[in-house]
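Visitor: What follows is the residue order along each chain.
2 protein chains.
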Amino acid sequence: MATTTPISPLAPAGFPELPAVDGVEFASGEAAVKYEGRKDVCLITLATGSSVAGTFTKSATRSANVLDCQRKLGGASDAGAAFFINSGNSNAFTGRAGEGSVKAISEAIANATGLPEDRIFTSSTGVIGERLPHEKITAKVADLAGSLDADGIEGAAQAIMTTDTFAKGATATVEIDGKPVKIAGIAKGSGMIAPDMATMLVYVFTDAKVSQPLLQEILSDLTDVTFNCITVDSDTSTSDTLLLGATGASGAEVTSKDGAFSDALKSVMLELAHLVVKDGEGATKFVEIQVTGAANDADAKTHGLAIANSPLVKTAVAGEDANWGRVVMAIGKSGAAADRDLLSIRFGDIVVAEKGWVAESYAEEQGAAYMKQDHLEIGVDLGLGDGKSTVWTCDLTHGYISINADYRS
Amino acid sequence: MATTTPISPLAPAGFPELPAVDGVEFASGEAAVKYEGRKDVCLITLATGSSVAGTFTKSATRSANVLDCQRKLGGASDAGAAFFINSGNSNAFTGRAGEGSVKAISEAIANATGLPEDRIFTSSTGVIGERLPHEKITAKVADLAGSLDADGIEGAAQAIMTTDTFAKGATATVEIDGKPVKIAGIAKGSGMIAPDMATMLVYVFTDAKVSQPLLQEILSDLTDVTFNCITVDSDTSTSDTLLLGATGASGAEVTSKDGAFSDALKSVMLELAHLVVKDGEGATKFVEIQVTGAANDADAKTHGLAIANSPLVKTAVAGEDANWGRVVMAIGKSGAAADRDLLSIRFGDIVVAEKGWVAESYAEEQGAAYMKQDHLEIGVDLGLGDGKSTVWTCDLTHGYISINADYRS
Numbered sequence: 001m002a003t004t005t006p007i008s009p010l011a012p013a014g015f016p017e018l019p020a021v022d023g024v025e026f027a028s029g030e031a032a033v034k035y036e037g038r039k040d041v042c043l044i045t046l047a048t049g050s051s052v053a054g055t056f057t058k059s060a061t062r063s064a065n066v067l068d069c070q071r072k073l074g075g076a077s078d079a080g081a082a083f084f085i086n087s088g089n090s091n092a093f094t095g096r097a098g099e100g101s102v103k104a105i106s107e108a109i110a111n112a113t114g115l116p117e118d119r120i121f122t123s124s125t126g127v128i129g130e131r132l133p134h135e136k137i138t139a140k141v142a143d144l145a146g147s148l149d150a151d152g153i154e155g156a157a158q159a160i161m162t163t164d165t166f167a168k169g170a171t172a173t174v175e176i177d178g179k180p181v182k183i184a185g186i187a188k189g190s191g192m193i194a195p196d197m198a199t200m201l202v203y204v205f206t207d208a209k210v211s212q213p214l215l216q217e218i219l220s221d222l223t224d225v226t227f228n229c230i231t232v233d234s235d236t237s238t239s240d241t242l243l244l245g246a247t248g249a250s251g252a253e254v255t256s257k258d259g260a261f262s263d264a265l266k267s268v269m270l271e272l273a274h275l276v277v278k279d280g281e282g283a284t285k286f287v288e289i290q291v292t293g294a295a296n297d298a299d300a301k302t303h304g305l306a307i308a309n310s311p312l313v314k315t316a317v318a319g320e321d322a323n324w325g326r327v328v329m330a331i332g333k334s335g336a337a338a339d340r341d342l343l344s345i346r347f348g349d350i351v352v353a354e355k356g357w358v359a360e361s362y363a364e365e366q367g368a369a370y371m372k373q374d375h376l377e378i379g380v381d382l383g384l385g386d387g388k389s390t391v392w393t394c395d396l397t398h399g400y401i402s403i404n405a406d407y408r409s
Numbered sequence: 001m002a003t004t005t006p007i008s009p010l011a012p013a014g015f016p017e018l019p020a021v022d023g024v025e026f027a028s029g030e031a032a033v034k035y036e037g038r039k040d041v042c043l044i045t046l047a048t049g050s051s052v053a054g055t056f057t058k059s060a061t062r063s064a065n066v067l068d069c070q071r072k073l074g075g076a077s078d079a080g081a082a083f084f085i086n087s088g089n090s091n092a093f094t095g096r097a098g099e100g101s102v103k104a105i106s107e108a109i110a111n112a113t114g115l116p117e118d119r120i121f122t123s124s125t126g127v128i129g130e131r132l133p134h135e136k137i138t139a140k141v142a143d144l145a146g147s148l149d150a151d152g153i154e155g156a157a158q159a160i161m162t163t164d165t166f167a168k169g170a171t172a173t174v175e176i177d178g179k180p181v182k183i184a185g186i187a188k189g190s191g192m193i194a195p196d197m198a199t200m201l202v203y204v205f206t207d208a209k210v211s212q213p214l215l216q217e218i219l220s221d222l223t224d225v226t227f228n229c230i231t232v233d234s235d236t237s238t239s240d241t242l243l244l245g246a247t248g249a250s251g252a253e254v255t256s257k258d259g260a261f262s263d264a265l266k267s268v269m270l271e272l273a274h275l276v277v278k279d280g281e282g283a284t285k286f287v288e289i290q291v292t293g294a295a296n297d298a299d300a301k302t303h304g305l306a307i308a309n310s311p312l313v314k315t316a317v318a319g320e321d322a323n324w325g326r327v328v329m330a331i332g333k334s335g336a337a338a339d340r341d342l343l344s345i346r347f348g349d350i351v352v353a354e355k356g357w358v359a360e361s362y363a364e365e366q367g368a369a370y371m372k373q374d375h376l377e378i379g380v381d382l383g384l385g386d387g388k389s390t391v392w393t394c395d396l397t398h399g400y401i402s403i404n405a406d407y408r409s
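First to last, the sequence lines map onto chains A and B.
Throughout the first sequence, residue numbering follows my numbering, covering 1 to 409 in sequence.
Throughout the second sequence, residue numbering follows my numbering, covering 1 to 409 in sequence.
It is worth saying that the hints were derived from the structure and are not from the lab.
Warning: the hint list may mix true and false statements.
Identical chains share a label here; the pair holds if one copy fits it or two copies do between them.
As the list claims (entries may be wrong) - With a straight-line Cα cutoff of 30 Å, these simulated BS3-like cross-link-like pairs (lysine-lysine) come out:
(1) Lys72 x Lys257
(2) Lys388 x Lys58
(3) Lys179 x Lys58
(4) Lys39 x Lys388
(5) Lys136 x Lys372
(6) Lys355 x Lys34
Bear in mind the structure is a predicted one, so any value in this text is a computation, not a measurement.
So here's chain A without its partners, still in its complex pose (with noise of 0.2 Å):
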């Protein structure tokens, strides 16, 4: 399947240059899990003290790696700890047998590392519904302990792909009471692995000290303005992770959840969440969806989602369509409040309608000129209030249909 698809048109000329953070290191291999030749394990490993929160899919279908996760967070962390992932299968819907294999693979990295097995978080991306070969994993455990190294989070962001038709990774630094902090952080998703769904699986470190029920805080928080404001196709995978581990290795302390920090790591959250949009299945334009004016943010962020999820109004903008009836048609049918007589909408800076009707000033050849742009913007002002949302979103096209029809497992 990966090799079969072209690399994204949205995707950045390269892997970023990220630095090493203090206190982590990475190991990648090759385990052939589901496919030979490929990197499909990763192990990385966190210093003593370090903090980890996460947040994860809310399916009710979850995997059992998702769940063990759910259970070992905000433990100790005066112990370190490990994140491990496994491309190739994603050991959900696969009963009892699932529990088992995280089970195995936590326990051969404790043994490998010495770390105690509540505190190694392991991911599963791949195929689902067929038992996990852990024991080809657990027999790859050792290598991967005996490897480890600070500079191998490319390595890791490559292992971690399925059909991602390019590594996902994105940094920022930031000074805190004079100390330099770093922030790096991986992303995987939008790509399948035949014959499921796709997986978004994330995961952020930095050299920061921040207790854990803060990181979590802060975590939680940016993850409802960034990887909570993208959508490909309104589906939801069953195995979404994303953790973020801080070491504390810079000795610079966050105390508050607002500031600088947050701002950081949001600009690496928001890096990365955007990555995964433009390796969409088919994507070809990326468009980020601006909503003001709502009774409220949450009523924006439903219009927004609304609007992003729409076939109707995804296949128009794959057609470079100013469709805004379409726009119209998603705010209507989202559920949140709205007034057609006091909705403004707009293509980038082209007012298209406002006050329930076409605007005067448009006319059809300016939409049909920006929508042949690649990035694009909609802006919707319900005339309402004062909440506001943005979310991102790319085009339906065949190659989503193609991705995900034409060719099977």
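Place chain B on chain A using the hints.
Guide: Relative to the frame of chain A, chain B by itself:
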């Protein structure tokens, strides 16, 4: 647009024989609202004493016609009524001008028929955001009123089409108190008229005698289990309208919402709903999703629609892939109660997953063979309670993308 789309492979052999319903007359004609050389207007009159009930889109940005119909419903029925429909322009998001167009058309029909203006129910379907050229329509009203015909229902079914690939009709007869009662209905939907959203319009007629409040109660209940259980792409039109007229001309009175009349009406509504799905844009498969064992009926419908609206499920069906993993995913994301380890899933009679894992008896070849049919059943049992619901949808194919993205108006 309409002319370039081949007839749906799921279309029936032809338009059915529909009986004349006493007290109902039809006229259709060409007003060139948008396109020349095709029927695009129809007038339907209902005799004195007819009750009219309706259900409508819940869109917050619904059209001027829908708002007007909602205002007029429930009025005195002794004067008879008329339905008027035009295709080519939906009169949606046309601001105050849209209200003026509805008023102008209603007045013209009142003048031509002698009916009070508040008994004229109008619908418009087609391009949105463009002023309805209602002068073209009002100029034709006298002709229409002069050519009313009890046998004209097929012409009406043709006039309301936009990019529908076939005209849709259904009928049933039922005996009440020894008297034969006829029910006949027409529908349009799931075709698009570029550059706008699909609209579903449905008109059903009967010569039963039913009080307006009871007719409305029956219609609302049956809409929930028929038209509100179908989905093509999860998008909701600003114009969806279902009107039901009961002339009473048979002399047979319906006095209870349960009974033979409701059963027969349900069969007509369900058949029309299925025809709309079978004309879904790009559809090649008709899919019935049967959810049982949910905590309650509402949860069952939530799960059913989550499966029916999932792009990943719909592309799998298009690819003839018995991808039960995507069904699990859709159940997980729906928000309604589910327990992975109690879930079972079948495709037709083939049990593919049970107790949180692939069924031991299941072989991929069975599923692959089943998926080649063009009428499919996906069964889901949640194992939680007695809640159940059945919903209907179609697959998501390259045809959908082509209709909505490739061709521009």
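Visitor: For which of the previously enumerated hints does the structure constitute a violation, in increasing order of number?
Guide: Violated hints: 3, 4, 5; rest satisfied.
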